[in-house]
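Engineer: Given the sequences, and given the hints that come with them, work out the whole structure.
Numbering (the numbering used here), first residue to last: 678 to 944.
The set of hints was computed from the structure by calculation and includes no laboratory data. Fair warning: there could be bad hints in the mix.
[Stated by the list, open to error] List time: in silico PhoX-like cross-link candidates among lysine-lysine, alpha-carbon distance up to 25 angstroms:
(1) K888 <-> K767
(2) K703 <-> K854
(3) K703 <-> K824
(4) K817 <-> K829
(5) K927 <-> K829
(6) K766 <-> K703
Every value quoted in this text rests on a predicted model; they were computed, and no experiment measured them.
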Amino acid sequence: MSDTARLVISRKQERKSRTTTVLDMKKEVKLLNQNRGTINDVVKAVTDDRVTSIFNVVKLLLFVFPNTLPNSEEMHTFVTSLESLCREKKLQKVSRQFIDYFIAALNYSTREESKLLIHLLYVIKNNNQLSTYNGNVIIKCDKHEIKGTEHKYVYTLKHPLSVNCTETDSKCGFILKESIQEDFNTLVQLCTESDHYDNTEIHTHDNISAKDMCCYAIWSGTCGSNRVTLPVVWRWRGWSYWLPDCTDMKLEGVYVAYNVQQYTVSK
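Structural biologist: Following this line, the structure appears as structure tokens:
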């Protein structure tokens, strides 16, 4: 076997060994234990590396809060635990704009516990260890393709380490592949093989990393006479408890928050 052939095989194996999973819904569903999880379960999931982004922590609060309302001491412990884990594991911080979407929507909720959840969200938003203003690049999906049960989402991104890219026949970016697993669980993966990018007008770089991504969707719905923006975890909504009378749901866009904290000075 020639040295060139060995190099090609080595690079292919390296690409396959990279972590490609961006979202595994089965892990989050299991975490919630059929909607009976608590904020302590969320902390444990972060500790065990089942949740690797403060974005996902915020999304999970929608589901765990109705189960057992935490008191002030428990919320303080929750936040300080997250601070420690975020520093230790270098977790992706949540964008403050994302939290603002949650707070704005929860203001339309008639649930009494929504006030407590809003308070906790403000605490997270105002904590520089957990949230950021410019530590993430928010990217909207450019193109969505459906082939059978598989969905492909195309994103354009000039990674900070690829600013000197010389390719001119296509744009820098990446593609996410979504597939429906057993029990209708969603698996979203980063496409890393070059043939995934054929005829897409996109090329990718090795510095694009699945672990730096958090994917979510933005929906809008009507609550009374108001149009409300609802951030959701991919296709799994979670707002039915808080806004049970919300109707006329419409998908506004599918997004990725890409973590660039190590290249910027976050505020």
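Engineer: Hint by hint, note whether the structure agrees.
Structural biologist: Do the hints match the structure? See the list:
1. K888 <-> K767: OK: K888 and K767 at ~11 angstroms, within 25 angstroms.
2. K703 <-> K854: holds (16 angstroms)
3. K703 <-> K824: Status holds; Cα separation ~22 angstroms.
4. K817 <-> K829: Between K817 and K829 the Cα gap is close to 13 angstroms, so the pair holds against 25 angstroms.
5. K927 <-> K829: holds (20 angstroms)
6. K766 <-> K703: holds (22 angstroms)
Hint check: no violations occur; every hint is consistent with the structure.
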